[in-house]
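Participant: In case you want the letters, here they are:
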Amino acid sequence: MTTYDWKQGYARIAERGPFVYGLTNYIAANLSANVLLAAGAGPAIGAASDWTTTFPAGANAVWINTAALMSSDEDSLRTVARTAHQAGTPWVLDPVAVGAGAAKYDDFVRSLLEFRPTAIRGNASELIALAGGAATGKGVETTVDSSAAITAVGEFAARIGTVVAVSGPVDYLSDGSRIVEVPGGDVRLTRVTGAGCALGALTAAAIFATGDALQGAVVAHSAYALAAERAGARTKGTGSFAVALVDELSLLNEVTE
Amino acid sequence: MTTYDWKQGYARIAERGPFVYGLTNYIAANLSANVLLAAGAGPAIGAASDWTTTFPAGANAVWINTAALMSSDEDSLRTVARTAHQAGTPWVLDPVAVGAGAAKYDDFVRSLLEFRPTAIRGNASELIALAGGAATGKGVETTVDSSAAITAVGEFAARIGTVVAVSGPVDYLSDGSRIVEVPGGDVRLTRVTGAGCALGALTAAAIFATGDALQGAVVAHSAYALAAERAGARTKGTGSFAVALVDELSLLNEVTE
Amino acid sequence: MTTYDWKQGYARIAERGPFVYGLTNYIAANLSANVLLAAGAGPAIGAASDWTTTFPAGANAVWINTAALMSSDEDSLRTVARTAHQAGTPWVLDPVAVGAGAAKYDDFVRSLLEFRPTAIRGNASELIALAGGAATGKGVETTVDSSAAITAVGEFAARIGTVVAVSGPVDYLSDGSRIVEVPGGDVRLTRVTGAGCALGALTAAAIFATGDALQGAVVAHSAYALAAERAGARTKGTGSFAVALVDELSLLNEVTE
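Chains as they are written, first to last, in my numbering: chain A, 535 to 791; chain B, 535 to 791; chain C, 535 to 791.
Don't take each hint at face value.
Which copy? The list can't say, so a pair holds if one copy fits it or any two copies do.
Here are the simulated lysine to any residue pairs, SDA-like style, with alpha carbons at most 25 Å apart [said to hold, decoys possible]: (1) K770 x A545; (2) K770 x E549; (3) K541 x R693; (4) K672 x T587; (5) K541 x G745; (6) K638 x R616; (7) K638 x E608; (8) K638 x Q542; (9) K638 x A669; (10) K541 x T724; (11) K672 x G702; (12) K638 x G622; (13) K638 x R612; (14) K638 x R650; (15) K770 x L785; (16) K672 x L785; (17) K638 x A668; (18) K638 x T613; (19) K638 x T588; (20) K770 x I684; (21) K672 x N787; (22) K672 x T613; (23) K541 x E715; (24) K638 x R764; (25) K541 x A682.
Derived from the structure by calculation, the hints contain no laboratory data. Please read these numbers as outputs of a predicted model, since none were measured by experiment.
With the rest of the complex left out, here is chain A:
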């Protein structure tokens, strides 16, 4: 996939202006919504009343960050996953903090695989744990490098028939047969809360915009990597970096050279 490709895919998000619905945790919700808005998508978030049964069917794409359990019940997450699956709405699973030591939570996260997510994204610890490997997480952080997850990612993608993306110094994305590497980014992405979660939301929008799960994941991860590099080049602290990341995502479609 050339650089040209993903930029076109990213531009299609703003052209199509998809309605993207998500359940996520309240730490990451604001940044996730702003990342989607920056890309030109229209987000709605939360299990308010019958949103869970209507929005996943009406939306163009859906994402579920399982830490949404901190303010919504298991039924709500299951309903959103089931409704998206049955309606044919592409949906992204972000199994945040799976494998960090909360066994009941981990079991619930795994149970959502029944509704066949279109893509799954997380850090190395999370994806290794979700794929059935050892628990290596420390809260929501990974203790292993993304490269350690390459094999697990490919096998896991093949086994459950979905696209799997692992974030790290280099991101690795696989549909079970191919593995795509997305280098770049900035280490400060790991020091901005919800930056990974927001990438899951952006992946959902890009899958709709491109009409393809792997291509959408590549678009979202590539846009994120470039925006993070640009943000990193013009800021020092982590607060400014987070603001600049959203800026750069909102300006990516402008001709800059």
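Since chain A is already given, all that's left is putting chains B and C on it; use the hints.
Facilitator: Then chains B and C, alone, in the frame of chain A:
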């Protein structure tokens, strides 16, 4: 209403330092609180324990963003609306995403009209839907221009005896007999999550500060429009714009010319 | 305690990279997580499934902001406090808005003292109310200066055998026998929502890093005061100030002179 008027009304928020209590969604809560603090009000948010029965009576103003249902139950919202109404505390209703396809949610939002909000604010799709028109929303976004809602806004305000404000390229505000236009702002207001929700919170503070529902709504919308213009003039991306919006609101009372 | 001391203690947070788990309100959650990340800690927040029973035991430090009740039930807060207490994990209590008029909420906050918080932080109104004095709060804001709480802070710390820290123009911290003053900061800290809450989270991280409750509280409050001063010196509005505060916390460990 002259420019002079609304600036005086805005300055009165900081002079009086009202305690403004709200229920809102967790995506918008942070920005709403920071907008209130920027204007000089003291916010508290959330249905924590008996806050719902005590704070609406003790507060100077209240706002309810109905997407608060994503982390609070219907009883909490109803209790806050009822308590504010019975205590004579002015309260603003923000019917976010009404008319976007979630019928049960829409019914609940309409049921809050029983507690006679002092003002209602939303985008064109939301206010048309709330007034009984066709559903045209796409999640939390409008698909129609604010000008399309002028008639509905005026009639709706007259019918239920409240002030209604519709946000858009031009904001239209009505008390049922007059319609006030507030031009200005910046298109990036639609690309910052919770910007509209925070305007509802600011409207509540301004209604208390001015002692008048329509005047308060004009103050809040005018301050927002000018702050957004200033923020837009000195930023490019949507992340910086959001930060600058809060900056400008916090600096509006300083003599600048 | 010299300037040298607290900077060393602050640097130890990044060196040790503690996993800090918290329950807090959704207005402050994002800033709290970003402040912890800026300091080099790894935060996880929220009562998602069995996180409440596992994370307080596995974490290096815990904080509870009682406004977490706006999205979690009393049992969750109690479970986190009890689990931290029994596991010997240091934990910080932030009794936000206690004494503001919600008696049932106040009673619940006081009931958490049973689990012997390692430190308590709040503003003057909150700490006076928690110590059994008159209710003087206005929502989440204080109506009295921190100096008015000096005596109450010292006596309260001695009585319940914990470290107590009151935020204000000058912060006062006591372990019941000594009182430490931390001057500095910036008045805009009171105009950024969740700034105080995030200080509670940082205090938890610093207590773990230093291995001492009073020293940890001094480290966190001193770092905050210096970061706020630096942020205040290079920004005007409250939006930029909040971003710069996180920046400065993330840059404090860099050699700057």
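Participant: Now, for every hint given, state plainly whether the structure supports it.
Facilitator: Verification of the hints:
1. K770 x A545: Answer is between; shortest inter-copy Cα gap is 18 Å, intra-copy 28 Å.
2. K770 x E549: between (33 Å within a copy, 20 Å between copies)
3. K541 x R693: neither (30 Å within a copy, 50 Å between copies)
4. K672 x T587: between (34 Å within a copy, 15 Å between copies)
5. K541 x G745: within (15 Å within a copy, 50 Å between copies)
6. K638 x R616: This pair counts as both: shortest intra-copy Cα distance 20 Å, inter-copy 19 Å.
7. K638 x E608: Result: close both inside a copy and across copies, 11 Å intra and 20 Å inter.
8. K638 x Q542: For K638 and Q542, neither the intra-copy (42 Å) nor the inter-copy (39 Å) Cα distance is at most 25 Å.
9. K638 x A669: within (13 Å within a copy, 41 Å between copies)
10. K541 x T724: Answer is both: 24 Å inside a copy and 23 Å across each meet the 25 Å cutoff.
11. K672 x G702: Within one copy only: 15 Å inside a chain, 34 Å across chains, cut-off 25 Å.
12. K638 x G622: between (29 Å within a copy, 23 Å between copies)
13. K638 x R612: Both. Shortest intra-copy (15 Å) and inter-copy (19 Å) distances satisfy the 25 Å Cα cut-off.
14. K638 x R650: Close inside one copy (20 Å), not across copies (28 Å); limit 25 Å.
15. K770 x L785: Close inside one copy (20 Å) and across copies (8 Å); limit 25 Å.
16. K672 x L785: between (34 Å within a copy, 24 Å between copies)
17. K638 x A668: within (16 Å within a copy, 43 Å between copies)
18. K638 x T613: Cα proximity of K638 and T613: in one copy and across copies (19 Å, 16 Å).
19. K638 x T588: Only across copies: K638 and T588 sit 10 Å apart there, 28 Å inside one copy, limit 25 Å.
20. K770 x I684: Classified as neither; 31 Å inside a copy, 38 Å across copies.
21. K672 x N787: Answer is between; shortest inter-copy Cα gap is 23 Å, intra-copy 36 Å.
22. K672 x T613: between (29 Å within a copy, 20 Å between copies)
23. K541 x E715: For K541 and E715, the Cα distance is within 25 Å only inside one copy (16 Å; across copies 40 Å).
24. K638 x R764: Answer is neither; intra-copy 40 Å and inter-copy 44 Å both fail.
25. K541 x A682: neither (28 Å within a copy, 35 Å between copies)
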